[in-house]
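Chemist: So for the sequence shown, my numbering puts the first residue at 1; every next one is plus one.
Read the hints as simulated data drawn from the structure, not as lab findings.
Fair warning: this is a prediction, and the values are worked out from it, not measured in the lab.
Careful: at least some of the hints might be erroneous.
Pair by pair, the computed Cβ-Cβ distance ranges are [unchecked claim]:
1. Glu-276 with Lys-7: 17 to 27 Å
2. Glu-86 with Thr-267: 22 to 32 Å
3. Tyr-140 with Thr-249: 23 to 33 Å
4. Pro-119 with Lys-52: 38 to 48 Å
5. Lys-220 with Pro-27: 30 to 40 Å
6. Phe-225 with Pro-279: 18 to 28 Å
7. Thr-249 with Lys-7: 23 to 33 Å
8. Met-226 with Tyr-63: 29 to 39 Å
Taking lysine to aspartate or glutamate and the EDC-like style, the derived pairs with C-alpha atoms no more than 16 Å apart in a straight line are [what the hints assert, rightly or not]:
9. Lys-85 with Asp-118
10. Lys-257 with Glu-65
11. Lys-7 with Glu-62
12. Lys-298 with Asp-268
13. Lys-298 with Glu-237
14. Lys-298 with Glu-284
15. Lys-71 with Asp-291
16. Lys-85 with Asp-116
17. Lys-25 with Glu-284
18. Lys-220 with Glu-177
19. Lys-300 with Asp-274
20. Lys-136 with Asp-213
21. Lys-309 with Glu-237
C-beta atoms are modelled at their ideal positions from N, C-alpha and C, and glycine is treated no differently.
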Amino acid sequence: MYPLKLKPVYWDSIWGNDKLAKIRKNPEIHGTSWDISAHPHADNIILNGERKGKTLMQLLDEYPEQMLGEKDRSQMLRLAFLDAKESLSVQVHPQNEYARIHENDEGKTESWYMVDVDPGSKLIAGTTASSTEELKEAVYNDQIMDIVNKIEMCNGDFICIDAGQLHALGPGILALEIGTNSDTTYRFYDYHRKGDDGKERELHLDKCFDVVDCTKQCEKSSYPFMDEQRITILDREEFTVELVDFDGTFHLTPNGKTFYGLSNVRTDCEILYDGESMPFAFTENIFVPADCKEITLKGKSRVLISYVK
1 MYPLKLKPVY WDSIWGNDKL AKIRKNPEIH GTSWDISAHP HADNIILNGE
51 RKGKTLMQLL DEYPEQMLGE KDRSQMLRLA FLDAKESLSV QVHPQNEYAR
101 IHENDEGKTE SWYMVDVDPG SKLIAGTTAS STEELKEAVY NDQIMDIVNK
151 IEMCNGDFIC IDAGQLHALG PGILALEIGT NSDTTYRFYD YHRKGDDGKE
201 RELHLDKCFD VVDCTKQCEK SSYPFMDEQR ITILDREEFT VELVDFDGTF
251 HLTPNGKTFY GLSNVRTDCE ILYDGESMPF AFTENIFVPA DCKEITLKGK
301 SRVLISYVK
């Protein structure tokens, strides 16, 4: 196998912005871009090499060990960009057991890296409610915004949202999302926004209250750019995220045990592999199969490396 360039799957969102569209010079982008996804709702097409034209799910079916190493399909990650002009719904994602029973899906823990943030932009992460009953009272009285934790974000900040934690990405934020391979979201509140049918968008309150955990809280971490550094910014059972700043070259040697997602979150650079060079653009995500040989990144940039230990 070799590093795989993938065709993003774009979704129009009611809250979508045009920051990513301007970066990629693609006016069709308006909200969400699933860049590494092997999910029934979005399956990326391979754009390079001898596997060109196949989908990521097809390669996982045909070459499970070469693609994933010792990991199984349930441990696959999903990488996406969220580009918010307005706040996303106040929402929660289920844990694995609940999602598998009720949605035939995986649970969802996700992390967000701030790529381009308007000054003063905030997101919601957690609630001040001390119990589900207190949260219910606020929801049914249309007062949920009075009991949410808001955190101001800046470029280069990073935060992780647990399954079961109330949250919402805020307006003015372009974020890279690294998370488990799930597409199940339950809405607590959506600002009374209406869909194309003229009706307010559906809420999922019974399921929200089934899975929400009011004790789930989190803090952001901040990472100014340095010419050279490699640090682990998240290390969990679900996935690990490393941050790499380089000015010159950086070498990554896969160990055959796991796959990698490479996310360029700063400036264009290039990937050197097997004697060849290919461009690695700002906001591009590359899937690296487990059986790849050494990869070299060349240029001056910041790349996030995500994988499952």
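Chemist: For a C-alpha distance cap of 16 Å, please report whether Lys-85 and Asp-116 respect it.
Modeler: With Cα atoms ~12 Å apart, Lys-85 and Asp-116 stay inside 16 Å; holds.
Chemist: Decide if the proposed pair is consistent with the structure: Lys-300 and Asp-274, CA atoms, cutoff 16 Å inclusive.
Modeler: violated, 21 Å
Chemist: Below or equal to 16 Å on CA atoms is what counts here, so check Lys-298 against Glu-237.
Modeler: Measuring from Cα to Cα gives roughly 30 Å; hence the hint is violated.
Chemist: Taking 22 to 32 Å as the hint, is the beta-carbon distance of Glu-86 and Thr-267 inside that range?
Modeler: holds, 28 Å
Chemist: Does Lys-220 pair with Glu-177 here, judged by a C-alpha cut-off of 16 Å?
Modeler: Distance ~14 Å between Lys-220 and Glu-177 Cα, so the pair holds.
Chemist: Taken at face value, is the distance from the CA of Glu-62 to the CA of Lys-7 at most 16 Å?
Modeler: Roughly 19 Å separates the two Cα atoms, so the pair is violated.
Chemist: Would you say the C-beta atoms of Lys-220 and Pro-27 sit inside 30 to 40 Å of each other?
Modeler: holds, 31 Å
Chemist: Hinted pair, alpha-carbon criterion (16 Å max): Lys-298, Asp-268. Please report holds or violated.
Modeler: holds, 10 Å
Chemist: I want to verify a distance hint. Is the separation of the beta carbons of Met-226 and Tyr-63 within 29 to 39 Å?
Modeler: Given range 29 to 39 Å: holds, Cβ gap about 37 Å.
Chemist: Within 16 Å, alpha carbon to alpha carbon, are Lys-298 and Glu-284?
Modeler: holds, 15 Å
Chemist: So the hint says 23 to 33 Å: do the beta-carbon atoms of Thr-249 and Lys-7 match that?
Modeler: With a Cβ separation near 28 Å, Thr-249 and Lys-7 satisfy 23 to 33 Å, so the hint holds.
Chemist: Is Lys-257 close enough to Glu-65, meaning Cα to Cα at most 16 Å?
Modeler: Roughly 9 Å separates the two Cα atoms, so the pair holds.
Hints 3, 11, 13 and 19 from the list above are not met by this structure, while the remaining hints are.
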